[in-house]
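Chemist: Residues per chain are reported as follows:
2 protein chains.
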Amino acid sequence: MTTPDPTLSPSLRSWVESANDPATDFPIQNLPFCSFEHPEEEYACLGVRIGDSILDLGLLHEADLIEHDHESEEGAGLCHALEAPSVNELAFLGRGAVRELRTQVQKFLLEGAAHTGGQKSRRIREKALFKAADVQLLPPAMVMNYTDFYASIHHATTVGSMFRPDNALLPNYKYVPIGYHGRASSIVVSGTPVKRPRGQMKKDDAPGEPISPPTFGACKMLDYELEVGAVLGPGNALGDAIAIADAEQHMLGLCLVNDWSARDIQKWEYQPLGPFLAKNFATTMSPYVVTLDALAPFRCPAYRRPEGDPAPLDYLKSDANERAGGFDITLEVSITTAQMRSKGLPPFVLSRSNAFRDMYWTFAQLLTHHTSNGCNILPGDLIASGTISGPEQSTRGCLLERTWAGRDAAGKPLPRTPIDLPTGEKRLFLEDGDEVIMRGWCEREGFRRIGFGECRGTVVT
Amino acid sequence: MTTPDPTLSPSLRSWVESANDPATDFPIQNLPFCSFEHPEEEYACLGVRIGDSILDLGLLHEADLIEHDHESEEGAGLCHALEAPSVNELAFLGRGAVRELRTQVQKFLLEGAAHTGGQKSRRIREKALFKAADVQLLPPAMVMNYTDFYASIHHATTVGSMFRPDNALLPNYKYVPIGYHGRASSIVVSGTPVKRPRGQMKKDDAPGEPISPPTFGACKMLDYELEVGAVLGPGNALGDAIAIADAEQHMLGLCLVNDWSARDIQKWEYQPLGPFLAKNFATTMSPYVVTLDALAPFRCPAYRRPEGDPAPLDYLKSDANERAGGFDITLEVSITTAQMRSKGLPPFVLSRSNAFRDMYWTFAQLLTHHTSNGCNILPGDLIASGTISGPEQSTRGCLLERTWAGRDAAGKPLPRTPIDLPTGEKRLFLEDGDEVIMRGWCEREGFRRIGFGECRGTVVT
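Residue numbers (my numbering), protein chains in the order written: chain A, 1 to 461; chain B, 1 to 461.
You can take every hint at face value.
Restricting the straight-line Cα-Cα distance to at most 25 Å, the calculated cross-link-like pairs of lysine-lysine (BS3-like) are:
hint	chain 1	residue 1	chain 2	residue 2
1	A	220	B	174
2	B	174	A	267
3	B	412	B	267
4	A	267	B	317
Computed far set for chain A versus chain B, every beta-carbon distance over 12 Å:
hint	residue
5	20
6	44
7	89
8	419
9	431
Quick caveat, the hints were computed from the structure, so don't treat them as lab data.
C-beta atoms are modelled at their ideal positions from N, C-alpha and C, and glycine is treated no differently.
Take the sequences, apply the hints, and build the full model.
Modeler: Shown next, in the form of structure tokens:
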């Protein structure tokens, strides 16, 4: 942060009163983009979250309250983006256009603006604002390509030690930002119920026992994965790589991601080509894309590699990235069971940490690696961090790790430690009716809190 | 084939003379769908290939030469499909609507039809027909999700033996149709040059040698993979599985696929989450979707599992599938080098076989497995077979296998056997300027030849 960005000044207040509450995720300094179904009409619209409300950008545009050059290509692009049903067209325009739009929207929402904006502005102000609780939110982007990474070294080490006790972290981990393609079609928005998947699974055979065949049925080891996703901006041509110095110009912003996982299906299917049906039954996105501009005060140095770790190869190296490639975001996962809800109990926190600071690879490195072979990205594509875990048990981002108790002296896994819930219920993995709630927010003295909202999903049969 | 389909009768002839040539891939009995750029206008259109020409279905529709019920939902769907730029909307309508459209198109193209169709039909006949060589073909579908399988047991066994000599076929192979998500954005149509990818690779360290770090540079082991793809039809709702008995109702037809692979990148990156940058730099599709109706005479029993192999689990079992789940297609891969082309030499055949008969899993099983966990497919999605190889070296569908010479008595890999080309050039993997040409066709007495055309790509730097 060399020059302070005036749109982030903590003194700014909005005429949307709920945005001035110090506890809100969505002050006028945030203004994340979303997609929602218009409550009266039946189409999807581009919106901005402010306090407890959603501002309909399409309507603002229709009323000609967003200035743009009617003659230029840029202006035509902005029109197109404001009429689009999701952030994809906006993402296509790039960081400069997004910044300009965010500034205009902020101006419209500023305390006092209503008095200066004239009668039309006052009328629109009422028509274009909906309570977020009253509208159906949609996935913010129409994700054409979804890539999931494996960037948390604590996650990779803990999970690796379960499957390969002598060989937890594979030799490529510290060189290659490991990733794979996820399923785009099954991405859903926060609040969508998640149906417990069915699939093949196979019990472990004791030594000397005959090999048992697999069975097909409902997954018994259903898990969540806490992740942060980057919604991508302008794409690259097939065959052209994106240099690390340019990588963040190709990102619109961040959201929360729950990459639901069926551990029993995963264990049996994943070799040699990686996870498939264990993951592609559902991936939940939070509804808001928080722009990199809004997150600027919360940047932090990239993970500092321990002595002895290799330096990244040249194409993944960048001083700027090392200085401020990370994000200091508090991430929390909580759960409610059907019983807890019927008793009116609040969500029970499963983990809370800033472990996202400690990703072995930054988003800039992930995107640069992704395109280093010439692979093309499209605006609105989603790349996700992989499960975010810290070293301590209370900071682990999935139940597979959270209930793992290590191994005994002989190397045999100890029984998993169930999580005790306030109702006396216990959880090793998710049961039907369980709701997983992920939240994320940034706080720093001298700045308003910037939040991501929630990424929720309830397991159903 | 219980009742013979009259559209497949070998006696049918077209007024497009080139379609009556017995050697054509595209007689009037085939009529595969494609997408092409209109040579005069600048938009993409839905077309049908006939002989050496493309018929513009959008124009036929505009001229009201395709009958449909203007009042019904089905009729509106067909209008929409005929105005669409690719086969996706048509795929959405399902096999019945596609069959009906194919029948109408055949009627329009039948010898004699021009005399009976009136003046308008004669005028359109000239306007709506383009020489295929004169138009820019596009990928036939806008592929939103691409899944690649690993269904050839000969391929899995040979490749497995290279990486895991004692453990070539993993224990899940005979139960789980192994697959993974490929990259949709980098799918290109036949004829698109393929840029040699760059990436991380690591040399094998000799025992006792210090471990060397990986390097970043141009791939040195670039390979093709011969595959057949199924372009999918109507989708399923997220959470609903597609039963094996219904699976083929969700397929529009087949095409050829070259799943280009960077073997050196693959070897270093693929554990534990599967192939990523080794594959996602390009995947080439042939331009024509050959309908399952046109392929009906060439169905054959599914692969007969050897004595001792387990039966498929119940959800993958189907008598009909076992009786006729396979396709008897001759597949051929050939190559030309820059030197060969400059000398006017014809393509050199690298492999030719009907090994696609012997997939361990049929397309119906692949699709049923894919959705068995509730994963949703979308119209126009692509699922591909994985590399198609037979047991003999001349039938292997990629260079990795084609030049593999096995191991010596001590288990050490023998030096690879280069392929000798007519110019005296040798190939272990692809060099810049090499063009790979895949072709596929079906032949059977009493039927016209049904072909797929070509799937071509030239390696460039």
